[in-house]
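Trainee: The residues making up each chain are set out below.
Number of protein chains: 2
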Amino acid sequence: MGVSGSGKTTIGKLLAETLNIDFFDGDDFHSEENVKKMASGSPLNDSDRENWLDAINSKAKEIIKKNKSAVFACSALKEAYRIILEKDLSFKVLWIYLKGDFDFIHQRISERKGHFMPPNLLKSQFETLEEPIKGIFVNLESQPEEIISFIMSKLNTSEFGLVGLGVMGKSLARNLAKNGVKLSLYNRHVVGLEENIANKFIEQYSELEHALGFEDLEKFVNAIQHPRKIFLMIKAGHETDVFIDQIKLFLEKGDILIDGGNSHYKDTKRRMDSLLKDGIHFIGTGVSGGEKGALEGPSIMPSGDFEAYKKISNYLNNIAAKDKNGESCCTYIGPEGSGHFIKMVHNGIEYAEMQLIAETFAILRYGKGLEPTEISSLFKSWSNGELKSYLLEITAEILLKKEGDQNLIDLILDKAGNKGTGNWTTVAGTELGIPVTMITSALFARYLSSIKTDYIGINHHSVVSSIDFKASENEIKAAYQLARILNHQQGFSLIKTASDHFNWNLNLSEIARIWTNGCIIRSVLMEKLAEIFKNSSDVFENIDFIKEMTNNKSALKNVCKSSLEKELPIPSHLAAIDYLNVLNNNFPTANIIQAQRDFFGAHTYQRVDDSSGKFYHTVWE
Amino acid sequence: MGVSGSGKTTIGKLLAETLNIDFFDGDDFHSEENVKKMASGSPLNDSDRENWLDAINSKAKEIIKKNKSAVFACSALKEAYRIILEKDLSFKVLWIYLKGDFDFIHQRISERKGHFMPPNLLKSQFETLEEPIKGIFVNLESQPEEIISFIMSKLNTSEFGLVGLGVMGKSLARNLAKNGVKLSLYNRHVVGLEENIANKFIEQYSELEHALGFEDLEKFVNAIQHPRKIFLMIKAGHETDVFIDQIKLFLEKGDILIDGGNSHYKDTKRRMDSLLKDGIHFIGTGVSGGEKGALEGPSIMPSGDFEAYKKISNYLNNIAAKDKNGESCCTYIGPEGSGHFIKMVHNGIEYAEMQLIAETFAILRYGKGLEPTEISSLFKSWSNGELKSYLLEITAEILLKKEGDQNLIDLILDKAGNKGTGNWTTVAGTELGIPVTMITSALFARYLSSIKTDYIGINHHSVVSSIDFKASENEIKAAYQLARILNHQQGFSLIKTASDHFNWNLNLSEIARIWTNGCIIRSVLMEKLAEIFKNSSDVFENIDFIKEMTNNKSALKNVCKSSLEKELPIPSHLAAIDYLNVLNNNFPTANIIQAQRDFFGAHTYQRVDDSSGKFYHTVWE
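Protein chains in written order, with the numbering used here: chain X, 238 to 858; chain Z, 238 to 858.
Don't read these hints as lab results, they were simulated from the structure. Treat the hints loosely; a few may be bogus.
Claimed, not checked - Only pairs whose alpha carbons sit at most 27 Å apart, straight line, appear in this in silico BS3-like list of lysine-lysine: (1) Z:Lys790 x X:Lys707; (2) X:Lys638 x Z:Lys794; (3) X:Lys707 x Z:Lys794; (4) X:Lys273 x X:Lys315.
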């Protein structure tokens, strides 16, 4: 609103464009008589105006009926007129008042051509004008771009949306807000369980003072600037599909959905392809770091359409952890679901890292007879060197935790949970032909911990054999070190194989680099890998690692033998030593299997004396 | 054809019903004049008949245009008439001649009421009759059912169809034919590669003399009696879907497709549901036994619609192997894809059985220094007792095979192939939460054998350590025996879990029983399991097995330790000992993992002192 010549049309059009909604010029709703009257130099009286304002009000109702918003340019000089314009509208009207003085506007109108209102009517407009009581007051002497930016800052809209206020969603929202991002936050409404979650959360933290909370999906979407950028932090799987179907109804071409959940990489590709048909971009991104990492800086692994990624890369880079050189622990991973793929492998590696620490704990405690506090000290001392890792550090903390005079660890049930990604990594390994023996042994160890109570009756005992545990503490450390290298070697082999298989062209060094901070498997070893992968695509190509493996192999062997003697469960250590035994030695066994397959199924075999790879069949009987 | 009163209408209708095609009575094509003339007692002359025969011929053309067959009842007494009837028909006409003597027919007609032809015209018919040169001659004095059965036996149709003449398809076809089943055989036509396969195959074996060969799918389907029973022995996966889409066009309601390939159980359920919409039954069946088993009697594992199964059960039971009590090694498994599921697990168990033998071979050869022939003798002696199994027996044969003065086994490349079912079992285990560590270790051993040449550079040596291999031959045998039990325990646990999960209500004892003969994993152990599962659903519930495991555990431990010392690759043995160590002892490690998960992700944990299963969270920092 504003007097004639205040710039309503220019600013209104620009604003509508910015908000991606329709623009209407109030002048277009004048009757022919009004236009003639104004052209002849006579000011309109209130009766002239009533039909005109009614016509604009009707148009507004029509727009609202379609559940849309619009920008109207209209002088709306008196409060009475504004009451007519607002009459019975179910959507809120926000008045933007273009304010300026007579001389400036007079000067501007004098320079304007083809307008039907002669400048000498301006005086009557200023006389008629009643400034609105509330609304956005804009200095019309500013440049249009400045005016729009000023209006946008005052408008009740957000730059970025986030859906799902679980542990990770909340941390990411606070992280974004701390980085100055104005957020719209949505959480579903579940009667008695999840009520008004977003607003309660906003009230809790000062950094969220500019955030808007929603339980109505449509209002949530409409509160976000175009193109919308919406982070989904909801449960992976079926629920994500259901939610996408819901939100899709309110999205428009060019909008960007970012799935930060632990979705399966094949689902991510499917969703990407499906949403693209409606012009909606879908970015699948791994996010690692747990609650604290998400708040203070997670490792972020986005993939999908690169053009869409560029539009959100600033947000992701700002909230991500920083590596030792200050670079963001976020990088564009590749096309399709590659981001979720590597997050899955990250979690798989994490499974085996955790299992190796748990086994090392068991070896030290039940093999060497150390107490949890002593093991904690040992782990802390290991953490000062090459073995430094987040998981080892938190385990050292865990082992110090007491409840009364008991170690808290002894009160925790020996039954591990799992959430799908370790499982998927094993499946991906089997599908792509990569023996991820370390990850799988860790996954199955968790499964076994869940089902072993079923078998508790069968000869269960916890007697520690009286034979001394021969392997030394140093050997236990060396064995752990070697097994970790093999775990990482297998995980990155799987990534490399997937990259080749799906033509993703992944950069192993960058992947290792963004895993050096923020994420759960950050470690000194990962920093080393980020360097090594600059020049090679396999741990086994690196001479230092080969040396380390050679040096530490006998330690691993001794730890395994001593642990077997004491009947300690060490599946991941055993997987490690067997992997080395296959790779380092030449004791064929697969020839027996090929002969058997050829015997009973005529599956044929290849020969050591024919490098052409030709297949042979023998009539065995 | 035949004189009036020979029973053409009765037999024709019955035949049409049996063949599920339309029936037409020639009498209905007479003009009114002819009918009157016959009723008045005058015989028809050739001119009277010409229009009549033309009318029938036209009807036949109409039927053929729709690509259908039909049964026509028509006296067709003279060769000249038959020429008119057959004129320009693109389908072959098969003449069925109902033959009998004057007195019998005269007697029959005299007893008949409401027929327009007076018995005294019969004589002129006999005078006119020229017997056909070729066709099926039927004694019309037999009972209608006998006549139909006689005609069906002479008709050029089959009881059973079989698609896909690969190694397994050919063996099953011969097996069916030897059991007196008249077959239609189809193999696709691939120029230059697969041409006229079915007919070439039929010519090769005398038992196939009554079989029909096809390369045209429509003709193949039409040559099979209703409801069609068609065995598919084609490549599993996408190709099976493509083929089903093709053959579906020619199938009718009530037809039964039997998929005997190694299809994934989820695909089988999907296909079942989809085909049922068109009223077509789909039976998914596992078939094990390799080339020889399929020919001489495989183990067969059908699942799906039980009513449809009953219609094919005779065929399957006849060709299946027989157990030691003479019962067929075929049983109805359960609904959906349960048959393919257990076939998958069968193959998974097979993977681990083969791997255990291969490892035992390596232990005996590289650990104990035995030669292949010595190992063969040892395996043969083991095969006389509890350890008797098909796979051990064929391995004993394999180890005797020479090429010149070399052991053939030494000429076979140390690189094992795999075809998906071992892979799927690992995936099913991970999806259903069952740690199938034995199967997975065997699968990954095959994968490793394929990729280890990539790493051949890294410090590869085949030096056998000079330290003596401490474990004895008896311990090696006992270790193998124990590991096999654990392999079977895991495999059947997976089946049990799937049965509960999918509500399949599977009978473990019956499954073990049909695996006691015909299939690759048949063994004395399997016979024992068939007994045990009559009273329990887990190997670990059996006191004898518990005793055996307890007795043999130290042997397994020693074999593993000695093998580690010699750096022999023994993944499945290690999986076995670790499985026992988890189940038999109480050295917690999962508590560490739960604490870590709660530390970084607030995943919570349960406590040893709260049996309610409540979840706790600790603020660790």
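Trainee: Run every hint past the structure and note whether it holds.
Mentor: Hints and how they fare:
1. For a cut-off of 27 Å, the pair hint linking Lys790 (chain Z) to Lys707 (chain X) stands: about 21 Å separates their Cα positions.
2. For a cut-off of 27 Å, the pair hint linking Lys638 (chain X) to Lys794 (chain Z) is broken: about 36 Å separates their Cα positions.
3. For a cut-off of 27 Å, the pair hint linking Lys707 (chain X) to Lys794 (chain Z) stands: about 16 Å separates their Cα positions.
4. Of the pairs offered as hints, the one joining Lys273 (chain X) and Lys315 (chain X) holds, with about 22 Å between alpha carbons and a cut-off of 27 Å not exceeded.
Hint 2 from the list above is the single one not met by this structure.
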